[in-house]
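Novice: For the protein sequence lines, the chains are A and B, in the order given.
Once you know that position 314 of the first sequence is 295 in my numbering, the rest is easy, because the numbers rise by one and skip nothing.
Once you know that position 41 of the second sequence is 43 in my numbering, the rest is easy, because the numbers rise by one and skip nothing.
Each hint should be verified, as a subset may be incorrect.
If the Cβ cut is set under 8 Å, some of the chain B residues that face chain A in the computed set are [to be verified]: (1) A20; (2) M21; (3) G45; (4) S84; (5) V85; (6) Y89; (7) Y140; (8) I144; (9) A147.
Label pairs and their in silico Cβ distance ranges [as the list claims (entries may be wrong)]: (10) I10/B with E315/A: 52 to 58 Å; (11) E160/B with N427/A: 31 to 37 Å; (12) D188/B with V412/A: 27 to 33 Å; (13) N35/B with I154/A: 27 to 33 Å; (14) K70/B with K318/A: 36 to 42 Å.
Simulated from the structure, these hints should not be mistaken for lab results.
Just so it is clear, CB atoms sit at the ideal spot from N, CA and C, and this is done for glycine as well.
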Amino acid sequence: MMMNLSASRPTNFSKIPKNKLDLSMNTSNLAQVNAAAVGNGADSLEQDARLDQKSSFIVVAFILSGSAWLLLGSILGTVASFKMHMPDWLGEQAWLTFGRIRPLHLNWMAYGWASQVGVGVSLWILSRVLKTTIPVRPWLFVGLLVWNLCLLIGGIEILMGHSRGLEWLELPIYTIVPIVFVIVLAGEAAISMLYTRKQPHLYISAWYIIAALVSFPLLGIVSSLPIFEGTVQAGMNWWYAHNALGLWFTPMGLAIAYFLIPKVTGRPIYSYPLSVLGFWSLLLFYNWNGFHHLIGGPVPTWFVTISIAASVMMIIPVVTVAVNHHMTIIGSFEAVKYSPTLRFVVFAAMSYTFVSLQGSFQAIRAFNETIHFTHYVIAHAHAGVYSFFTMMLFGAVYYIMPRITNWEWHSPKLIKLHFWLSASGMIIYLVGLQIGGIIQGLEMNNPDIPFMTVVNNTKKWLLSRSFAAILLTAGHFVFAYNVFRLMHLRKVRPAPPVTWLDIQRQRAQQPKPEPVPFSKKVANAFSGLNQSLKRWANDVKVDEH
Amino acid sequence: MIKNSILILGIVGLFLFAMIGLTILPKVFIEPNVEKANVYVWGRAAEGHKVYVSNGCIYCHSQQVRPKGFGADFERGWGRASVATDYKGLTPHQLGTMRTGPDLSNIGVRQPGRDWHLLHLYNPRTVIKESIMPPYPYLFEIVDADKTLKEGLKLPPEYQIPGKKVIPTDEANALVDYLLSLNQKDPIKPQQN
Chain A
-18 MMMNLSASRP TNFSKIPKNK LDLSMNTSNL AQVNAAAVGN GADSLEQDAR LDQKSSFIVV
42 AFILSGSAWL LLGSILGTVA SFKMHMPDWL GEQAWLTFGR IRPLHLNWMA YGWASQVGVG
102 VSLWILSRVL KTTIPVRPWL FVGLLVWNLC LLIGGIEILM GHSRGLEWLE LPIYTIVPIV
162 FVIVLAGEAA ISMLYTRKQP HLYISAWYII AALVSFPLLG IVSSLPIFEG TVQAGMNWWY
222 AHNALGLWFT PMGLAIAYFL IPKVTGRPIY SYPLSVLGFW SLLLFYNWNG FHHLIGGPVP
282 TWFVTISIAA SVMMIIPVVT VAVNHHMTII GSFEAVKYSP TLRFVVFAAM SYTFVSLQGS
342 FQAIRAFNET IHFTHYVIAH AHAGVYSFFT MMLFGAVYYI MPRITNWEWH SPKLIKLHFW
402 LSASGMIIYL VGLQIGGIIQ GLEMNNPDIP FMTVVNNTKK WLLSRSFAAI LLTAGHFVFA
462 YNVFRLMHLR KVRPAPPVTW LDIQRQRAQQ PKPEPVPFSK KVANAFSGLN QSLKRWANDV
522 KVDEH
Chain B
3 MIKNSILILG IVGLFLFAMI GLTILPKVFI EPNVEKANVY VWGRAAEGHK VYVSNGCIYC
63 HSQQVRPKGF GADFERGWGR ASVATDYKGL TPHQLGTMRT GPDLSNIGVR QPGRDWHLLH
123 LYNPRTVIKE SIMPPYPYLF EIVDADKTLK EGLKLPPEYQ IPGKKVIPTD EANALVDYLL
183 SLNQKDPIKP QQN
């Protein structure tokens, strides 16, 4: 049986101007709801509002904290990117050298931004789908403080040159272990919610979140054991790094998509049994992927072959998830124009399909021979962590914040600006570095081309990445400004919630407008552009007050 | 509530299955075959390994050579295919997955000159005009020429500082020792299986 995820019903949205609708897609269940209009959903809405009130403080804390790390991480990433083609820039100081800035960018983004916001959003979704409050909230807050302290100390250690020296595990042991234990606490909270849930049906999002919160602590603890050295350590390293994506970020991201797509469109998931298949096959195959980073490396071939096979088998969970997400969205695609949340989530869901199929393809020996050791892989990693996971988190934050704070986003335009900065930045990033990476790989495998020529030919692609980095960083500052305005300049209360299905129903009842001739359309487009420019200018003026 | 337990046991079970496969089995199958290290990293070279780790050389340089016929690693002179024995006892491993710069497994043979390495570390553009490698001036001391008897780096004219000498620190020397110790001269046959 499907859970009723589309509980929200509008009162009368035909009176909401189009501009407002953008926000009303995103509004809070805490808002006063006309109980008569909502009908059977009323109990659920009130219950959700109570749950949101309880989870408000801790979820906001995780989101704000993660967003701060996002800004720091973006600056580091941009600096590292510029250093790739301006090697002497900021080269005098040891702590500003590329080899320290780059790992710190990764660690603050992965363990600061992505993990913290991921945990906050995950706990909120669990509270919603299991209909129970988040337990141990004060301890989770203390945990968050410890987490931030560890990131700060660990970051200083990396800048001072005391990195652990393993990719994805640069934070010194004494800072990564407390972070793992904070996530153990979050996992413990999740499991206790699972056992005390008020909702008998276990929705698929909960499965994925439990998987993430159970797997990551195990992963963190095993990788911190001092029993690995040499080649075996390299194997452990890539087993960890790939699983940090596969068993930590990916399940959280998919859980968000499975929750938000039905929630915003008002439609149930296309095939529920398929989502269960997708879940178990993800766990079965993703776990084994790590060694495809060591193709041609000094490990027995059969280990590598197992990983390649598992990577190719990842097509099963990816296609099942893709069918579910895209088939649910397909009739409601127009809704992305109105819902900021859905815009981010659809971009992220498409990226997931793209990046995962690309990943399976990349693991095949013939292709790996070319792209291994090139910038192509860096782009692939960003497609996973940024295009998929980070965009999903943005979508979730835009959905959740008005509900848990009961304050509305101020400017749909700034949200749109953030989306386009992030999306265009990422597309430039991926196209540039992947083309550049393939060229680099082909040239590197041709011994007649001197290595210096190979390096020279990558420079222009590295430059395009720096341009993308500026766009992305600008997008992140717009995002942070949006969050800041919502938290501090509280002025708008959220309107009653609407789903896309409701809007479509309402439209069906209205008489259809006369078809417009093409020449008229062109004329309208120009006057519309003119008007929107004027409106935009006015909006900027209003914003300054 | 049995469903909850199936879910959690399923997650943990599948995790442990792969964990044993990818961390414990390699330990069982690889380590007993590794009898002695090919490359001894000890003394000042071991200190150099620490400098290598602390400055994040791994983010641009790999230390794993693919077998002949798979890529052009061999043809470029980066050495024979790496084997597990090359890394015995080494922690943290520095195999790396990126070649913004070339592989360094055989750098001790390809660039045997200590002076070349010191110049290259001080500022790579002193020896390779178009290099995009970061400079490491903080591994060197700049002292007044009349206050030291040590020999400074023989910098090209445009990099010289009048009245000063550029003296490598112990860290720079250790790093060069480490780089010179990296070689693939031993014609070890790849392991069976």
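Novice: State the violated hints by number, sorted upward, taking the hints as numbered earlier in the document.
Specialist: Violated hints: 3, 8, 9, 10, 12, 14; rest satisfied.
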